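S.K.: Residues per chain are reported as follows:
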Amino acid sequence: MRIWMRIWAIATNTLREAIRNKLLYTLLFFSVAVIGTAVLIASLSYVEGARIIQDLGLSAIRLFGVGIAVFVGIGLIHGEVERRTVYTILSKPVSRTHFLLGKFLGLALTVWLQLVLMSIAFAGVVLLSGGTLGFGHAAALFLVGMELMLIVAVATLFSAFTTPMLAALFTLGVYALGHLSRELYHLGQQADVASVTWVATWVYRLVPDLETFNKTIEAAHGMPISAVEVGLSTLYAVGYTTALLFAASYIFRHRDMK
Amino acid sequence: MAARIISLVAFVAVVLGTGAIHARIPPTTAVDGGEAFVPDPALARVLSLGFNSLAADYYWLQAVQAIGGDTVITAELADHLGKLIDVVTTLDPWVDHPYRFAAVWLIESEQNVRTANRLLERGIAHHPEEWRNHFYLGFNQFYYLMENEEAAEELLEASRLPGSPAYLGRLVARLRSETADIDVSEVFLRELVRGTQDEASRAGYEAALDEIEIEKKARHLDRARKQFETLHGRDIMNVRELVEGPLAVVHELPNPEPESLPRSLGRGSVWELDFETDTIVSTYYGDRYRLHFAPWERAKAIEWARQRRAREQVQPREGNLE
Numbered sequence: 004m005r006i007w008m009r010i011w012a013i014a015t016n017t018l019r020e021a022i023r024n025k026l027l028y029t030l031l032f033f034s035v036a037v038i039g040t041a042v043l044i045a046s047l048s049y050v051e052g053a054r055i056i057q058d059l060g061l062s063a064i065r066l067f068g069v070g071i072a073v074f075v076g077i078g079l080i081h082g083e084v085e086r087r088t089v090y091t092i093l094s095k096p097v098s099r100t101h102f103l104l105g106k107f108l109g110l111a112l113t114v115w116l117q118l119v120l121m122s123i124a125f126a127g128v129v130l131l132s133g134g135t136l137g138f139g140h141a142a143a144l145f146l147v148g149m150e151l152m153l154i155v156a157v158a159t160l161f162s163a164f165t166t167p168m169l170a171a172l173f174t175l176g177v178y179a180l181g182h183l184s185r186e187l188y189h190l191g192q193q194a195d196v197a198s199v200t201w202v203a204t205w206v207y208r209l210v211p212d213l214e215t216f217n218k219t220i221e222a223a224h225g226m227p228i229s230a231v232e233v234g235l236s237t238l239y240a241v242g243y244t245t246a247l248l249f250a251a252s253y254i255f256r257h258r259d260m261k
Numbered sequence: 056m057a058a059r060i061i062s063l064v065a066f067v068a069v070v071l072g073t074g075a076i077h078a079r080i081p082p083t084t085a086v087d088g089g090e091a092f093v094p095d096p097a098l099a100r101v102l103s104l105g106f107n108s109l110a111a112d113y114y115w116l117q118a119v120q121a122i123g124g125d126t127v128i129t130a131e132l133a134d135h136l137g138k139l140i141d142v143v144t145t146l147d148p149w150v151d152h153p154y155r156f157a158a159v160w161l162i163e164s165e166q167n168v169r170t171a172n173r174l175l176e177r178g179i180a181h182h183p184e185e186w187r188n189h190f191y192l193g194f195n196q197f198y199y200l201m202e203n204e205e206a207a208e209e210l211l212e213a214s215r216l217p218g219s220p221a222y223l224g225r226l227v228a229r230l231r232s233e234t235a236d237i238d239v240s241e242v243f244l245r246e247l248v249r250g251t252q253d254e255a256s257r258a259g260y261e262a263a264l265d266e267i268e269i270e271k272k273a274r275h276l277d278r279a280r281k282q283f284e285t286l287h288g289r290d291i292m293n294v295r296e297l298v299e300g301p302l303a304v305v306h307e308l309p310n311p312e313p314e315s316l317p318r319s320l321g322r323g324s325v326w327e328l329d330f331e332t333d334t335i336v337s338t339y340y341g342d343r344y345r346l347h348f349a350p351w352e353r354a355k356a357i358e359w360a361r362q363r364r365a366r367e368q369v370q371p372r373e374g375n376l377e
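If you're matching them up, the sequences are chains A and B in order. Under this note's numbering, think of the first position of the first sequence as 4, with each following residue one higher. Under this note's numbering, think of the first position of the second sequence as 56, with each following residue one higher.
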């Protein structure tokens, strides 16, 4: 119980620190601005305006959510090491693993908080423009939250052993690959060379399958999203995040911080 | 103080200079060039990195902007639109209107129409309950490709779907009875006018309906002419003979201009006997309607059919050589 209290203390501290970050507000401002201008962009089309508003809104939430997760997340551990505050924290009865988990949880709470704010803006714009919202939108936004949690875990893993710049590049690389992995898998299955098929299959298995969290099209078209699908995707996100945090914890425990 | 003034003047000069330079850059977009790059649909799907719907919207808006308010589109623009809609419907195959948008605008060549039909088939696969995609496909097959049996099959499918109008069944019968004519065109066109949200295409369909209206009136006069010949043993010398004098066979001549045309815009058209074609025509059009919006479209459909037959004749021969 005391361990969780320590992790929670670091998490809330991280949340407070992240909330003071000006970059966070800049990204939040632009995301809300893009969601708002969706109405103007949709007016360029004489049909399906409501769907275009929802497409743009959900895409902006995903794009800026990842931006916040990556660019706010990567500097958190590095900042503690730079300012040498990490030594003060670790001199207390807090292990490196607890510190890392606290940092992860704090950042996850930050991105979820931003997600809630962006979702409120999205819902407002959709409802004011005469659109409707349903379970599909809630499910799609929930899965965006799961995807962001996983991306935060990836950022935490990379920031555990490298510089913020490299961590940002690696995390964005994983994000891109995560959305490409299904396409690569399908291309690999069509290849004549067995080794290509094998590599494509393993890339698909190892890299996070981020397309599983992408329900923008289904939500915007009002198509059904099954609870089983949401449940499996959630379990996948939790499992993958846990595995990444295990790896990050191992690396951070063995990192020479002198 | 002087330094401040110099700084302020320099700032204003830079701002004005930049504005002047910007004013010299033409505000064209990729679409204005007519040759905007449209990626291969599969590549677009990969490059969109999960933002498929966003990319689909982008290309859809490009398609809408490409049409703008123009009612005349070139073959190049039609090809460009075909590529755009292909990308849109690959990135987000659950879109609804773009399939029918393609059907409305891809009519400049047989290849265009075939592309539109392929896209409509994709639309049918993703919206199996949407009767309008079957309807547009049937229209293309009947109107542009003169494939009445295939058109009848599509309309039969459409008639079985929820929300489809009751007259589709009768339309199928007409198509299969080998008497497909202006009545079939009229039914198709009335539905297209009702269903289209695009002003330019609606205007095209309404213009075609006006022609059908005049053609129906002309056919009424044809019947009166025959009656006149039967009763009096000779043909009319002019159209007025049908209503004037002791030999009149009809009470009055119908309006030679479309009823939708406001009186103030009337051209003073009359019915006259065209001695070249030996038909009664309204001077409003100067010609009789021949199923299609305009004579060139009829010629186009016939030419496509001829090319198709030629290809079909060559292909079996090539098959025999193998």
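To be clear, the hints were calculated from the coordinates, so they are not data collected in a lab. No experiment lies behind these values; they were computed from the predicted model shown. Don't take every hint at face value.
Pairwise CB distance ranges, derived in the manner of DEER restraints [to be verified]: (1) B:E204 x A:A141: 30 to 36 angstroms; (2) B:Q120 x A:A179: 51 to 57 angstroms; (3) B:A221 x A:Y49: 49 to 55 angstroms.
Non-contacting residues of chain A with respect to chain B, defined by C-beta distances greater than 10 angstroms in every case (computed) [to be verified]: (4) T29; (5) I44; (6) Y49; (7) E51; (8) I55; (9) V89; (10) R99; (11) G127; (12) T135; (13) N217; (14) I220; (15) A223; (16) M226; (17) V231; (18) V233; (19) L238.
Built from N, CA and C at the ideal position, the CB exists for glycine as well.
S.K.: Against this structure, judge whether each hint is valid.
M.R.: Verification of the supplied hints:
1. A beta carbon spacing of about 48 angstroms between B:E204 and A:A141 contradicts the range 30 to 36 angstroms that was offered as a hint.
2. Distance hint for B:Q120 and A:A179: a CB-CB separation of about 29 angstroms, inconsistent with the stated range 51 to 57 angstroms.
3. The given range of 49 to 55 angstroms is broken by B:A221 and A:Y49, whose C-beta atoms sit roughly 29 angstroms from each other.
4. No beta-carbon of chain B is positioned within 10 angstroms of the beta-carbon of A:T29; the least distance is around 21 angstroms.
5. With a least beta-carbon separation of about 7 angstroms from chain B, A:I44 fails to lie farther than 10 angstroms from that chain, contradicting its non-interface assignment.
6. For A:Y49, the shortest C-beta to C-beta distance to chain B comes to about 6 angstroms, within the 10 angstroms cut-off, and the non-interface label is violated.
7. Distance to chain B contradicts A:E51 as a non-interface residue, since its nearest Cβ pair spans about 6 angstroms, not more than 10 angstroms.
8. A beta-carbon of chain B is positioned within 10 angstroms of the beta-carbon of A:I55; the least distance is around 5 angstroms.
9. Residue-level check passed: A:V89 sits 34 angstroms from the nearest beta carbon of chain B, beyond 10 angstroms.
10. Even its closest Cβ contact with chain B, about 34 angstroms, leaves A:R99 beyond 10 angstroms, as expected for a residue assigned away from the interface.
11. Distance check for A:G127 against chain B: the nearest CB is about 20 angstroms away, which clears 10 angstroms, and the non-interface claim stands.
12. No Cβ of chain B comes within 10 angstroms of the Cβ of A:T135; the nearest lies about 16 angstroms off, and the non-interface call holds.
13. For A:N217, the non-interface assignment is contradicted: its Cβ lies about 5 angstroms from the closest Cβ of chain B, within the 10 angstroms cut-off.
14. With 10 angstroms as the threshold on Cβ separation, the claim that A:I220 sits away from chain B is violated: the shortest Cβ distance comes to roughly 5 angstroms.
15. A beta-carbon of chain B comes within 10 angstroms of the beta-carbon of A:A223; the shortest separation is about 6 angstroms.
16. The claim that A:M226 is not at the interface with chain B is violated, since a C-beta of that chain comes within 10 angstroms of its own (minimum 7 angstroms).
17. The beta carbon of A:V231 sits about 21 angstroms from the closest Cβ of chain B, which is more than 10 angstroms, so the claim that it is off the interface holds.
18. No Cβ of chain B approaches the Cβ of A:V233 within 10 angstroms, the least distance being about 17 angstroms, so the stated non-interface status holds.
19. Taking the minimum C-beta to C-beta distance to chain B, about 20 angstroms, the non-interface status of A:L238 holds against the 10 angstroms cut.
Hints 1, 2, 3, 5, 6, 7, 8, 13, 14, 15 and 16 from the earlier list are contradicted by this structure; the remaining hints agree with it.
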